[in-house]
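Whenever a hint applies, use it, and build me the whole structure from the sequences.
Residue numbering for the sequence shown is 5 to 311, as defined by my numbering.
The hints are simulated quantities; they were obtained by calculation from the structure and are not laboratory data.
It cannot be assumed that every hint is accurate.
[As the list claims (entries may be wrong)] Taking lysine-lysine pairs in the DSSO-like style, the calculated list, with each CA pair at most 27 Å apart, reads:
1) Lys179 with Lys29
2) Lys6 with Lys244
3) Lys245 with Lys6
4) Lys219 with Lys6
5) Lys244 with Lys179
6) Lys245 with Lys179
[Unchecked claim] Each pair of labels, with its calculated beta carbon distance range:
7) Ile214 with Asn153: 25 to 31 Å
8) Pro123 with Gln273: 39 to 45 Å
9) Asn127 with Ile208: 40 to 46 Å
10) Leu147 with Lys219: 24 to 30 Å
11) Arg7 with Thr211: 47 to 53 Å
12) Ile9 with Asn127: 39 to 45 Å
13) Tyr55 with Gln33: 25 to 31 Å
14) Leu147 with Arg7: 35 to 41 Å
15) Leu222 with Ser287: 35 to 41 Å
16) Ile208 with Gln33: 35 to 41 Å
17) Ile214 with Leu147: 28 to 34 Å
18) Leu133 with His277: 32 to 38 Å
All C-beta atoms in this analysis are idealised placements derived from N, C-alpha and C, irrespective of residue type, glycine included.
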Amino acid sequence: MKRWIVIAIFIFLSFVWGTTWSAIKFSLQGFPPFLGAMLRFSIALVCLALYARFRGISLRISRRHFAPLFWSAILLYLFDYGLIYWGEQYLYSGVTAIFFATFPIFTGVVSNFIFRNEPFQWNKFFGLLLGFVGIFIIFNHQLLITEFNTMVILASLAIIFSALAAAVSLVMVKKYLGGVNTIAMTFHQMLWGVLTLGISGVLIGETSRIHLHLKPILAVGYLGVVGSAIAFVLYYTLLKKMSAITLSYIIYITPLVAIFTGWLVLDEQITWHTIVGTLIIFSGIALSEMNRGESASADVELEDALE
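Here is the structure:
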C-alpha cells in the first residue's frame, strides 16, 4: 500500500471518528443506547452486504476463525459501543474523550504483555502516557465542571471498560484474523454485534424509549454508512499494514478533529489548553514512533505500512 494512501486513510478515519462523538449524542435524542447502536450497525451491515454482492466478494469464513471473530465482536460491539452509547447519556463529550483515551494505553498493555504481539518499548509506553496527558489538558475544564454523582461515576467506569474491551478486540483481530478478508470479517463481526446489542436492548426495556424524529434519524444514518460501514473496512485494512499500538493513536487525534471542526464551522474558541494539549499529544506520538530497540519484525511491519 502506498504511503500517501495510508496517510489519507488515517486522516479520513480521524475526521470521521472525530465527528461521531457528537453524532452519537444526536442519535441518543431519539434512540436508547443499545437499540441505537444496533440500528447504526444494522445499516452498516446492509451496506456491506450490498457492496459484497456488487463486487462478488465472498462473505464466507473458515470454522477456525469463528471463535476469535465471535469474541472480538462481543468485545467491540456489545461491550465497547454498547457502553459508549450508554455512558454518553451522562457525560460531556470531552469527558468521554478523556476516559476513552485510555484505549491506546490498554492496547499497548494487552499487545505487549497479554497477547505478546509486539515487544515492549519504553518510548512507546511513555509516548502513550504523554498523549493521554495531552487529552486530559484539553478537556480538563469539562472534567472540573462535571458533578460526579452515582450515574456519572458508573458512566465513567463504563467508558474506561469499553476502552479496555476495544483494545482486547483490536489485538485479537491483529493476532488471529489477519488473513481473513476485511469485508467478510467486518460483516460477521457486525452481525454478531447487531444481534447481541438488539437482544440486550430488548431485555432492558429500551423499546418504549424510541422517539422518531429527523435529527437522530440522520445521525444514525451517518453513523451507520460513513462511521461504520466505510470506516471499519478502512480501519481493518490499515490494521493489516500497521501495528495495533500505532493505529490506536487515532483515538488521540479524533478529539482534536472535533475541536478544530467546531472552531472552523461553529466559531468555537480554541484556548491555550487546546494548543498546549495538542502539542503534547503530537509529542507523545512522535516519541512512541521513535525507532528505539525495535525488533526486525516490527521494522518490517512499519516499512510495509509506508510502502
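Hint check:
Using a Cα cut-off of 27 Å, the hinted pair Lys179 and Lys29 is violated, with the two alpha carbons roughly 33 Å apart. Proximity of Lys6 to Lys244 is assessed by CA-CA distance (about 14 Å); at most 27 Å being required, the pair is judged to hold. With a C-alpha separation of about 11 Å, the suggested pair Lys245 and Lys6 falls inside the 27 Å cut-off, and the hint holds. Straight-line distance between C-alpha atoms of Lys219 and Lys6 comes to about 38 Å, which puts the hinted pair past the 27 Å bound.
For the given pair, Lys244 sits about 10 Å from Lys179 by alpha-carbon distance, which is consistent with the 27 Å threshold. Between the alpha carbons of Lys245 and Lys179 the distance comes to roughly 13 Å, so the proposed pair stays at or under 27 Å and holds. For Ile214 paired with Asn153, a C-beta distance near 26 Å keeps the hint of 25 to 31 Å intact. Roughly 43 Å separates the CB atoms of Pro123 and Gln273, a value that falls within the hinted 39 to 45 Å.
Taking the beta carbon of each, Asn127 and Ile208 are about 44 Å apart, inside 40 to 46 Å as hinted. Taken as a hint, the range 24 to 30 Å holds for the pair Leu147 and Lys219, whose Cβ atoms sit roughly 27 Å apart. Checked against the given bound of 47 to 53 Å, the beta carbons of Arg7 and Thr211, roughly 48 Å apart, stay inside it. The hinted window of 39 to 45 Å between Ile9 and Asn127 is violated, with their beta carbons roughly 27 Å apart.
Distance hint for Tyr55 and Gln33: a CB-CB separation of about 29 Å, consistent with the stated range 25 to 31 Å. For Leu147 and Arg7, the Cβ-Cβ distance of about 37 Å falls inside the hinted range of 35 to 41 Å, so the restraint holds. For Leu222 and Ser287, the Cβ-Cβ distance of about 38 Å falls inside the hinted range of 35 to 41 Å, so the restraint holds. At roughly 19 Å, the beta carbons of Ile208 and Gln33 sit outside the given window of 35 to 41 Å.
As the Cβ distance of Ile214 to Leu147 is approximately 32 Å, the hint placing it in 28 to 34 Å holds. The given range of 32 to 38 Å is broken by Leu133 and His277, whose C-beta atoms sit roughly 18 Å from each other.
Checked against the numbered hints above, the structure breaks hints 1, 4, 12, 16 and 18 and satisfies the rest.
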